[in-house]
Structures are given as C-alpha cells and as structure tokens.
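Participant: Here the structure of chain A is known, so what remains is to put chain B in place on it, guided by the hints.
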Amino acid sequence: MIAIIDYGVGNLFSLVSSLKAIGENAVVTSDEEVIKSADKLILPGVGAFGDAIEKLNSSGLRELIIKQAKEGKALMGICLGMQMLFEKSYEYGEYEGLGLIKGQVVDMQGNLPENLKIPHIGWNALSFKKKSPLFEYINDGDCVYFVHSFYAENCDDALVATCEYGKELTAAVQKDNIYGCQFHPEKSGKVGLNILKAFCERS
Amino acid sequence: MITKRIIPCLDVKNGRVVKGVNFENLNDVSSPVELGKYYSDCGADELVFYDITASSDGRKLFTDILKEVASNIFIPLTVGGGINTIEDFDRVLKCGADKVSVNSGAIKNPDLITQAAKKYGDQCVVLSVDVKRVDGEFRVFAKGGREDTGMEAIGWIKACVEKGAGEVVVNSIDTDGVKKGFDIELLKAVQKVVKVPVIASGGAGSIDDFITLFKEIPEIDAGLAASIFHFGEVSIAELKKQMAKNNITVRI
Numbered sequence: 001m002i003a004i005i006d007y008g009v010g011n012l013f014s015l016v017s018s019l020k021a022i023g024e025n026a027v028v029t030s031d032e033e034v035i036k037s038a039d040k041l042i043l044p045g046v047g048a049f050g051d052a053i054e055k056l057n058s059s060g061l062r063e064l065i066i067k068q069a070k071e072g073k074a075l076m077g078i079c080l081g082m083q084m085l086f087e088k089s090y091e092y093g094e095y096e097g098l099g100l101i102k103g104q105v106v107d108m109q110g111n112l113p114e115n116l117k118i119p120h121i122g123w124n125a126l127s128f129k130k131k132s133p134l135f136e137y138i139n140d141g142d143c144v145y146f147v148h149s150f151y152a153e154n155c156d157d158a159l160v161a162t163c164e165y166g167k168e169l170t171a172a173v174q175k176d177n178i179y180g181c182q183f184h185p186e187k188s189g190k191v192g193l194n195i196l197k198a199f200c201e202r203s
Numbered sequence: 001m002i003t004k005r006i007i008p009c010l011d012v013k014n015g016r017v018v019k020g021v022n023f024e025n026l027n028d029v030s031s032p033v034e035l036g037k038y039y040s041d042c043g044a045d046e047l048v049f050y051d052i053t054a055s056s057d058g059r060k061l062f063t064d065i066l067k068e069v070a071s072n073i074f075i076p077l078t079v080g081g082g083i084n085t086i087e088d089f090d091r092v093l094k095c096g097a098d099k100v101s102v103n104s105g106a107i108k109n110p111d112l113i114t115q116a117a118k119k120y121g122d123q124c125v126v127l128s129v130d131v132k133r134v135d136g137e138f139r140v141f142a143k144g145g146r147e148d149t150g151m152e153a154i155g156w157i158k159a160c161v162e163k164g165a166g167e168v169v170v171n172s173i174d175t176d177g178v179k180k181g182f183d184i185e186l187l188k189a190v191q192k193v194v195k196v197p198v199i200a201s202g203g204a205g206s207i208d209d210f211i212t213l214f215k216e217i218p219e220i221d222a223g224l225a226a227s228i229f230h231f232g233e234v235s236i237a238e239l240k241k242q243m244a245k246n247n248i249t250v251r252i
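Going line by line, the protein sequences match chains A and B. The letter at position 10 of the first sequence is residue 10 when you use my numbering, and the numbering goes up by one with no holes. The letter at position 190 of the second sequence is residue 190 when you use my numbering, and the numbering goes up by one with no holes.
For the record, the hints were derived by calculation from the structure and aren't laboratory data. There's no promise every hint is true.
In silico DSSO-like links for lysine-lysine, alpha-carbon gap of 30 Å or less [to be verified]:
(1) A:K20 to A:K36
(2) A:K67 to A:K117
(3) B:K132 to B:K108
(4) B:K118 to A:K55
(5) B:K118 to A:K117
(6) B:K94 to B:K119
(7) A:K190 to B:K245
(8) B:K37 to A:K20
(9) A:K55 to B:K37
(10) A:K20 to B:K132
(11) B:K67 to A:K167
(12) B:K119 to A:K88
For reference, chain A alone in the conformation it holds in the complex (with noise of 0.2 Å):
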C-alpha cells in the first residue's frame, strides 16, 4: 500500500487517480500508524513553502516521515514535496525543510534570464545526469509536465535529471530510498505514469 500523506494542502485528485491506473493501492492518509504500515510513502505538494512546512511540523508529520526514510522505506516527493526533502528554502523567507537530501531551494525571479516566463509551467525534456530507478521506463529526452516558481540547487550527488530553462534546473534527485521530481508525474501522461511505476516497484 502506497499512503499519500496529507497534510492539508493541495489536490490529490490526479496523483490518487494516476496510482490506482497503474494498479496501485494508494490512500490518502495523516494517520501515524497508516504511514508506519505503509510500503511506501509520497509527499505531494503545491502552494507555498512556509505554509506546507509549517504544516508539517505542526502535525507532527515532519519527525514521521524523517523517521520512515531513515528506516529505509521509500519515499517520493513530488514538486512542492521534492522541495521539502531539501535542507533549506528561500521561498518569501528563510525556512528549513527536512534535511533529508542536501540542497537549497530558491526562487527563478533573479536567477534565470529576463525574458523567460515565470511559472515555469508546460512540457519540458528530461535529461539524465545519473542512473536511477525513476528511470527505469523511460527514455533521456521524455518530456514531463513542470509548474514551478522556484528551484532546488547545490544537489551535488542527489541530482539524477535536469531540464533546459534559461539555465540547468533540478528535475528529479534521489538519495538512496528518496526520491523527489520537481515535475508532476500525474499529469506527465505515459512517461509520468511509467515514473510512478518504477517507484512503486522499488522494494
């Protein structure tokens, strides 16, 4: 059973639906002893930073899922999630976020050239920086569906694809059992589909 953790913030809908196509037993759950029982964990995300962390931390979710990884169990953030796994954010402030892969989160405004839209929103190619798991259906070059205003950085080893915008950006980092892809797999069609599977594959 795959447990989506919820904390409150954004729509589920998609990443529920995209699951059960691919023939997984996915549940919408806070509930501790849900997530303990669970063989695998996704942190989903949209919205701000702050809000979400703070949630987080409030819930007692945060010392949970840090716990769970730690054990070993798979975990994959997705967007707003994947930039949860990261040491540090600089969205509308300063704030810390699960420590549980090396990274910084910042924002495009400054960072990318002037004349690129921001969101980064729309369909971009994946290129692969390192082997993973993720990748195990799909090919360098697929294209995922992205809807972001800020980027990780500084991933160092963690950093397994990137897409073009302006400059390099963070697309998708794994460490050992933690996965995170800034993109939406749910809404990325097949390849996306085919991204959830290998997750849900790993063992």
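Facilitator: For chain B alone, kept in the frame of chain A given last:
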C-alpha cells in the same frame, strides 16, 4: 527547452460534448470521457473543457462527468464555463481540474481573480478573454462573445495578470471560425504586455496556421483549437510532426 503546447477544447453541455465529433475507434462521439482519453492518448498536451450548460441540474451532471474525465486522463486539465465565484473554483478543482478558466465571471467581478490566485495559486487561474476589433481598438466581449463591454482589451488583460491570472487564453472573435489563421496582430499586442503564458485561440484552419503562429510570435506558448481537431481536419500527431520539422520544440 519548454515545448509549445497544442490544446484541444471541448464544449460540454449537460455532460455531453456538443458539435458531434467524428473519430474512428470512438464508440460514443459525444462522451467527454472517451474523447478526453482519445486526445490524451494521441498527444494533446493539455485539455480544456468548457461547460456551456445553462441550468444548475445540468451543471451537477457536468461535475459528475468531469470527475470521470479527470480520473482517466493524465495530462493537465483546464475547466471553464460558468465560473463566477470561489465556490465554482472549488467545485471543479475537487473534481480533478488542474486549472480553472474565468471569462465573464472576471468581467463581473475582477476581484475573483485575486481571491482565486491567493487561495489556489496563480498557476491555477486562467483568464479567458474574447476580443473583437471595434472602432479601431481591441474590445473585450462578454457572454460568449455576444456583448461589447466597451473595455479596451490589452489593458484589461494586463490588469487581470497583475491581479494574479497565471495564464491567458486570447480568443479572437474576428478570426474565430474563419479558419484563415490566428490573429497575429492581436496576439503580438497581448504578448508585449504580459509575462505569463499566452494561449492563442480562434482561427486555426490548418497545420500551417500553427506553424505561422509559433514562427511569427516565438514567445507564444500554446495554440488552442476545437473543431479542426474534432472533425479530423488536423491530426495532433501530424501537426506535431510538422512543427518539429519546422524547428518548433514540441513533445512528440
């Protein structure tokens, strides 16, 4: 590089697609669920559903169908039509829409954009605007393009983006249905004043029209069309192939 998006648009009334759509391999040509899947599978980058239902009973039917459509497609879904309040945003987002498009609702109450952007984020709020030339200026039309609001369009679009609209669909009434190409002059004028994605709508009659659009205005993000896709005059797969041949970045 981000790819240029190709977006088919479906008009749905009382839970059924209007303007009979004719495709091989489709059993029910007016089922939004089957059509949504069809477009999603054949390479559409996004889908737009417009609810043109007049009654509240029909609207309930629409939301039921919307849920089914949304659970069967895995590309972004924008829903518009009859969006006048935050509750309307909430209703369609809960059914699986990713973005919500406002048109007359924003004209009646421009603060709707600000409220929705605050609650759901800019990326969720799409301004859809019907524009027609009147006395040498671009005017905003309301009520499905039937009523001249007297407002100048470029300024209106700029103001809506400042209020928080994260994308703009510009539909030219002058070129709509004529099938002789997008309204390049209007789109260029819009493109100049906004930094959010602009989606061109109205006038596409052939593959060449899309190529002209993206060549003439390289900053344009997407082309939207309805009947030419529905009637098979332009196949999305072929369109994308031709775009790639012309060095326009697309998702194949």
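Participant: Given the hint that K55 (chain A) pairs with K37 (chain B), does the C-alpha gap stay at or below 30 Å?
Facilitator: 36 Å, violated
Participant: Do the alpha carbons of K37 (chain B) and K20 (chain A) lie within 30 Å of each other, as the hint requires?
Facilitator: 16 Å, holds
Participant: Regarding the pair K118 (chain B) and K117 (chain A), is the alpha-carbon distance no greater than 30 Å?
Facilitator: This hinted pair holds, its Cα atoms lying about 20 Å apart.
Participant: If you draw a straight line from the CA of K132 (chain B) to the CA of K108 (chain B), is it 30 Å or shorter?
Facilitator: The hint holds at about 19 Å.
Participant: Does K55 (chain A) lie within 30 Å of K118 (chain B) when you go C-alpha to C-alpha?
Facilitator: 18 Å, holds
Participant: Within a Cα-Cα threshold of 30 Å, do K67 (chain A) and K117 (chain A) meet the stated pairing?
Facilitator: 38 Å, violated
Participant: Can you confirm whether the C-alpha distance between K20 (chain A) and K36 (chain A) stays at or below 30 Å?
Facilitator: 21 Å, holds
Participant: Is it true that the CA of K119 (chain B) sits at most 30 Å from the CA of K88 (chain A)?
Facilitator: Judged against 30 Å, a Cα distance of about 24 Å means the pair holds.
Participant: For a C-alpha distance cap of 30 Å, please report whether K20 (chain A) and K132 (chain B) respect it.
Facilitator: 45 Å, violated
Participant: For K190 (chain A) and K245 (chain B), compute the direct alpha-carbon distance and say whether it is at most 30 Å.
Facilitator: With Cα atoms ~24 Å apart, K190 (chain A) and K245 (chain B) stay inside 30 Å; holds.
Participant: Would the hint linking K94 (chain B) and K119 (chain B) be met if the CA-CA limit is 30 Å?
Facilitator: 14 Å, holds
Participant: Take the C-alpha atoms of K67 (chain B) and K167 (chain A), compute the straight-line distance between them, and say whether it is at most 30 Å.
Facilitator: 37 Å, violated
Comparing the model with each numbered hint stated earlier shows that hints 2, 9, 10, 11 do not hold.
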